Amino acid sequence: MKPRLTAGFIPLVDCAPLVVAHELGFAEREGFQLDLVKQPSWSAIRDMLALGHIEAAHMLSPMPVAMSLGLGGLAARVDVLMVLSANGNSMGVTPAIAERMRANGWSGDFNAPFETGKHLIEATGGEIRLGVPFPFSMHAELFYHWLGALGISSGEALDVRTIPPPRMAEAIGAGEIDAFCVGEPWGSLAVETGVAELVLPGSAIWAFAPEKVLAVRHEWCEENPDLTRRLMRAVHAASRWLGEAENRMVASELLARSDYLDLSDSIIDRALTWTIQPRMGQLGQHVENFQRFHGGAATFPWRSQGAWIATHIAARAGLSREEALEVARGCFRSDLYRANLTGTGADMPGASEKLEGALPRATPVASVRGEMILGPDAFFDGQVFDFGT
Amino acid sequence: MSTKLRITVVDADPERAHMIVDGLCEAGDFDVTVLGDETGLARKLAQLAPDVVLIDLANPSRDTLEQLSVASGANSRPVAMFVDRSDPDMTRAAIQAGLSAYVVDGLKKERIKPVIDAAITRFHMLSQMRSELNAAKAALAERKTIERAKGLLIQARGITEDQAYALLRKTAMDQGKKVGEVAQALVTAAELLK
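As given, the protein sequences belong to chains A and W, one line each in that order. Residue 1 is where the first sequence starts when you use the numbering used here, and the numbers rise one by one after that. Residue 1001 is where the second sequence starts when you use the numbering used here, and the numbers rise one by one after that.
Simulated from the structure, these hints should not be mistaken for laboratory data. A quick note: this is a predicted structure, and the numbers were derived from the prediction, not measured. Keep in mind that a hint or two might mislead.
[What the hints assert, rightly or not] Okay, derived cross-link-like pairs now, DSS-like style, lysine-lysine, Cα gap no bigger than 27 Å in a straight line: (1) W:Lys1004 / W:Lys1044; (2) W:Lys1177 / A:Lys2; (3) W:Lys1004 / W:Lys1108; (4) W:Lys1144 / W:Lys1194; (5) W:Lys1144 / W:Lys1177; (6) W:Lys1137 / A:Lys38.
[Stated by the list, open to error] Covered stretches of chain W (in silico footprint by chain A; criterion: 3 or more residues with CB under 8 Å from a CB of chain A, positions within the stretch not fixed): (7) 1059-1070; (8) 1089-1098.
Glycine is no exception: its CB is placed at the ideal position from the N, C-alpha and C atoms.
In isolation and in its complexed conformation, chain W is listed as follows:
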């Protein structure tokens, strides 16, 4: 029981992979390897022979791991599948966090649990960061579009910046749309008329 669990994290994004590795290191003493390049994934995993493989649910390379979970060849150890068949709650929690975990058959549940728990926590953090980043990006893009639309109005109608914004806002209210949408429509139309 003293042998360390060997964990492989499959993720092409090094920063994200490191966050997961950090989380795992806090949770226990594991032997963690990161696979960034997904070409020849099956062969590399056969060499590493991990006890647990962690991969993003949205990673299309997951299907390659499925092959390992059904193959019974001599050099491929039986990989059990998604988390642990006997623990549907853990499976559900992992999937909701966007995590898929492949566990080699025969590993004791107590040994896997801290790994999965730590990974789930990290995946939750990551998905929150991802959505915050997306929201920030979207807000930035919208502001830029509104600026451009205002510019177009100022030029075309000879009005002030405040008047231009007021016009956008009024149009949006009249049409039941967002200011950003009206601005986007104006910018698109202007592109077409160029």
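Only chain A is shown next, with the shape it has when bound in the complex:
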């Protein structure tokens, strides 16, 4: 009998690699059955994974680090097998704030982090109520980095609130928050309902941020090396399929089904085709690398990504940086990625760590097959993260 494996997901465009692996037979080809279960919240997915009700999970990239550090709710040692997607979020504000920003001279450019940030701070008097989907999320990290670099530090002026993605539009519409960072399709839906304008893609803050990851319990992957391998190979093949432009239409049709996002495929198309419509009635704009499933080592779990996340979480939670780094570097299993994807034609970088933010443009680097193109992965403020220092 074929082995079975259950993975939990949250209805978001970036659950696509799991949906494709299941629907298009990539899992079957690896000789296992992948069952998908929709979850109502990130905490539910975390608890299901921690208690072993599901074997694998679609997770926010900081969650496995936080869980492994014992922060919030059910703690467990959780491993990141691979990254499912890079980027894919956008920042939105209420139409009233966008109007005020425009009145003060904001150009409305969708890819101008300095200008837009400056105007957002000015229009709100620097006291901003921000909505993010989870305390441990790339959304929160991007906000902290963006506004922090512009002089608003977390803690005092920033009132960061956790709001589930499907409720984000309602929350901003009801005046609970001034701005949000959310993954697709929820940002586009807020635009469609007229309660928000999108002002900045997440990729404008960090050009290559690990967004969602494929997570499993550490003990589970130690005990099930073969199934871990099949899972990784199937999901990686699905990511590669998603990376082909001609497959995007089929992908959004799959995601639109009631089992998954249960929404119109025209809304889902926006993220998949990197064409974001920031404002109602406006034309869609191309955003380079808006959301990447494949290419540029998008699925490679860089240990330095785990270290970046751990450094920031530890600083806010008051944990020792060294211990957090140790835990997080162990979480991002680049070793398993190398071992399990060898022979699939997957190219991988020569190193498992890099200086995060050091590539302002696409750059060829040494890889297992010879040479691969990485990046750009720069932070908007030019910061470079070297966890060794």
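Given the coordinates of chain A, assemble chain W onto it according to the supplied hints.
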């Protein structure tokens, strides 16, 4: 120890919330509040300052509570998390029942246990009622579809009601499907041909 435990139940469905409150009242003398409207949840909870928060596992607003469990601000009391970290069995039982419970740190286990036990019992009852209701609804919908399919056959082929049902049943058997599925396919096709 004489102070009553303050419990907040977060549920948008008033009937369901009342069932849970009834269950809690039978289990002990608690000070129970129901929060039906989930907007501004964090702020409302800060005002209520409950010792225990009970919420449906499937409620997406649970993530908002997670923030309270990691925040260490002055006005937010540390909320421990899911049931009780030190008692994995209770946690497991709660999750299986579809219940999530947030407990303020430092509360004695003996004080929490009756609350959780009562809530688990109620959640089991609720989920059973929910699945029975769903089954009843599905059965009703299926019967309606079969009636409509029979009607279509009677009209199109000039046969009796019994013959129409027999035809549906035979087709279902031949194709290895349920009568309801065949009826549904016929109704869908008829809609398309209208």
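Here's how the hints hold up against the structure:
1. For the given pair, W:Lys1004 sits about 20 Å from W:Lys1044 by alpha-carbon distance, which is consistent with the 27 Å threshold.
2. A C-alpha spacing of about 25 Å is found between W:Lys1177 and A:Lys2, which places the hinted pair at or below 27 Å, so the restraint holds.
3. Between W:Lys1004 and W:Lys1108 the alpha-carbon distance is near 13 Å, which keeps this suggested pair within the 27 Å criterion.
4. Proposed proximity of W:Lys1144 and W:Lys1194 is supported: the alpha carbons are some 19 Å apart, at most 27 Å.
5. With a CA separation close to 18 Å, the supplied pair W:Lys1144 and W:Lys1177 stays within the 27 Å bound.
6. A distance of roughly 22 Å separates the Cα atoms of W:Lys1137 and A:Lys38; the hinted pair therefore holds under the 27 Å criterion.
7. Figure legend: the stretch 1059-1070 of chain W, annotated as covered by chain A; annotation consistent (11 residues with Cβ-Cβ distances under 8 Å, at least 3 required).
8. A count of 3 residues in the stretch 1089-1098 of chain W with a Cβ less than 8 Å from any Cβ of chain A is obtained; the coverage claim is therefore met, three being the minimum.
Checked against the numbered hints above, the structure breaks none of them.
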